[in-house]
Amino acid sequence: MPQSSEGVPHQESERSDVVVVGGGNAGLCAALSARESGARVTVLERAPFEARGGNSAFTAGIMRVVFSGVDDIEDLVELTDWDRGNSDFGSYSRDDFLHDLARVTEFRCDPDLASILVDESLPTLRWMREKGVGFGLSYRRQAFEHQGRFKFWGGLAVETTGGGQGLVDALTEAAGGMGIEILYGARAERLAHTGGRVSGVEVRFGDELREISADAVILAAGGFQANTEWRTRYLGPGWDLAKVRGTRYNTGDGIAMALDVGAKPYGNWSGCHAVAWDRNAPDVGDLRVGDGFQKHSYPFSVMVNARGERFVDEGADFRNFTYAKYGQRILEQPGQVAWQVFDQKVAHLLRDEYHIREATRVRADSIEELAGRMEGIDAARFIATVAEYNAAVDQSIPFDPNVKDGRGTRGLPLPKSNWANMLDEPPFEAYQVTCGITFTFGGLHIDERARVLDVEDNSIPGLYACGELVGGLFYFNYPGGSGLTAGSVFGRIAGANAAVDAPVPVAEPSAV
895 MPQSSEGVPH
905 QESERSDVVV
915 VGGGNAGLCA
925 ALSARESGAR
935 VTVLERAPFE
945 ARGGNSAFTA
955 GIMRVVFSGV
965 DDIEDLVELT
975 DWDRGNSDFG
985 SYSRDDFLHD
995 LARVTEFRCD
1005 PDLASILVDE
1015 SLPTLRWMRE
1025 KGVGFGLSYR
1035 RQAFEHQGRF
1045 KFWGGLAVET
1055 TGGGQGLVDA
1065 LTEAAGGMGI
1075 EILYGARAER
1085 LAHTGGRVSG
1095 VEVRFGDELR
1105 EISADAVILA
1115 AGGFQANTEW
1125 RTRYLGPGWD
1135 LAKVRGTRYN
1145 TGDGIAMALD
1155 VGAKPYGNWS
1165 GCHAVAWDRN
1175 APDVGDLRVG
1185 DGFQKHSYPF
1195 SVMVNARGER
1205 FVDEGADFRN
1215 FTYAKYGQRI
1225 LEQPGQVAWQ
1235 VFDQKVAHLL
1245 RDEYHIREAT
1255 RVRADSIEEL
1265 AGRMEGIDAA
1275 RFIATVAEYN
1285 AAVDQSIPFD
1295 PNVKDGRGTR
1305 GLPLPKSNWA
1315 NMLDEPPFEA
1325 YQVTCGITFT
1335 FGGLHIDERA
1345 RVLDVEDNSI
1355 PGLYACGELV
1365 GGLFYFNYPG
1375 GSGLTAGSVF
1385 GRIAGANAAV
1395 DAPVPVAEPS
1405 AV
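Whatever position you read off the sequence shown (first residue = 1), add 894 for our numbering.
Treat the hints with caution; some may be incorrect.
[Claimed, not checked] Here are the simulated distance ranges between beta carbons: (1) 1203 <-> 1096: 49 to 57 angstroms; (2) 1033 <-> 1349: 44 to 52 angstroms; (3) 1300 <-> 1352: 26 to 34 angstroms; (4) 1072 <-> 1132: 42 to 50 angstroms; (5) 1288 <-> 1055: 39 to 47 angstroms; (6) 1350 <-> 980: 25 to 33 angstroms.
[To be verified] Derived BS3-like pairs: lysine-lysine, alpha-carbon spacing no greater than 25 angstroms straight-line: (7) 1298 <-> 1219; (8) 1045 <-> 1239; (9) 1298 <-> 1045; (10) 1298 <-> 1239.
No wet-lab data here; the hints were simulated from the structure. Note that beta-carbon positions come from the ideal geometry of N, C-alpha and C, so glycine has one too.
Model the full assembly from the supplied sequences, consistent with the hints where possible.
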């Protein structure tokens, strides 16, 4: 079937074997998998072509994956002699991944879904590479040079070439090459339900409403983070004030359609992935800047609120394991803002996003002068906080950004557990941040075949789901890089099963 860049489907696409709702990483992986299994596939992307890709297009492209060493990395990345000679990749085992998922979600993650995510992570990335997705090493985000070698930390080493936009482009190109039709500006509004099974989708193209029938529908339309009313209803007061990191089109449509046909709500509906985000970023994501508004080098900072007081342990863990929950902590502060403060000892460690033109930053040669430039800060209390912090730093332990070095503070009511350095080497820099919400954790319940379950835990015939609208994987927090991997893993599973699960004929009533 032809790939369409925009508008109403060709007449031939009024029926398809499999319809995928959502054109991000999860949806496109589902489409490729279904097509690979022989199905005719139509993808419905609510956004116009120039805004395609959902949240996936806004990501850095880092993917958490099990690997036993350099050989597994080479299955994904073409390593140079320089890479091999100057890098320490380590390993990231199945047990490591499962343990990280369990501990950051306070052992609430669905064990069956978690096991599938972990076990299928490497095979799925290998499959994606076969489909044309490029992978590289995440030097700029997940490795620091220490004693002449780059060491990858936090269990992450691999990212997609070109980041999230590169991932979407590669998957879209692969879909076109396989004859998958992608319709842009196509908002799915309702699931058709015939003979006890999902039988298609009602789709709006501008002012026109059409129905595309199908043997199976795969929902991959993201969470509800861009729906202000739902955020406030489910996440709670104050969440209407959060900025949306990614696409404006993830408003919970897929979840709502599934609930309307009896799907079971599942997972952490009051939880979400939310991070430190530039205070003056737009209310929704800007693809020109992408993930550049994030500010993730805070483990090397002193982070204070408008009262001039610290409110989190900046060095509690690697950034990968705290960043997705600290956005909420920032939202809870006066004015929903905070400042990350650095000195020149760590300036070279700041990630690329700190150097963009749009960053909200101030710079000064003394803490007192810096305080005068930090908008809305209680300057006197901030100066006192820095003095108390500097006096508490344990300088007997060497600083090492690649490990949890134990270089912390002593005697403070709120400690900094790792990577504590005195703020004493000017010039000083401060970056103002607020809360940026990435995606919501609550969603639909799926089984091991990615079939959507109803409130009695029976599968709904003809309905599958993958991506951010799947509930049960993440609670309270999130291990970095897991979202894209989960979307790919369950997208591949959903596509394969949707393609082979033919409708069960309705039996004729027997004669009496």
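Exercise for review: Compare the distance between the alpha carbons of residue 1298 and residue 1045 with 25 angstroms, and conclude whether the hinted pair is satisfied.
Suggested key: 13 angstroms, holds
Check your understanding: Between residue 1300 and residue 1352, is the Cβ distance one that fits in 26 to 34 angstroms?
Key -> 51 angstroms, violated
Exercise for review: Return holds or violated for the Cβ distance of residue 1203 and residue 1096 against the range 49 to 57 angstroms.
Suggested key: Between residue 1203 and residue 1096, where Cβ atoms are some 52 angstroms apart, the hint holds.
**Study point:** Pair hint outcome, residue 1045 versus residue 1239 [Cα-Cα no greater than 25 angstroms]
**Key:** Distance ~19 angstroms between residue 1045 and residue 1239 Cα, so the pair holds.
Point to revise | residue 1072 versus residue 1132 beta-carbon gap, inside 42 to 50 angstroms or not | key: Cβ of residue 1072 to Cβ of residue 1132: about 45 angstroms, so the range 42 to 50 angstroms holds.
Review point. Using the C-beta atoms of residue 1033 and residue 1349, is the stated range 44 to 52 angstroms upheld?
Key: 47 angstroms, holds
**Study point:** Outcome for the supplied range 39 to 47 angstroms, where the beta carbon pair is residue 1288 and residue 1055
**Key:** 41 angstroms, holds
Check your understanding: Is it true that the C-beta distance of residue 1350 to residue 980 lies inside 25 to 33 angstroms, as the hint says?
Key -> 56 angstroms, violated
**Study point:** Distance restraint between residue 1298 and residue 1239, which requires alpha-carbon spacing of 25 angstroms or less
**Key:** Roughly 18 angstroms between the alpha carbons, so the hint for residue 1298 and residue 1239 holds.
Check your understanding: Are the Cα positions of residue 1298 and residue 1219 separated by 25 angstroms at most?
Key -> 19 angstroms, holds
Taken one by one, the earlier hints fail for this structure at numbers 3, 6, listed in ascending order.
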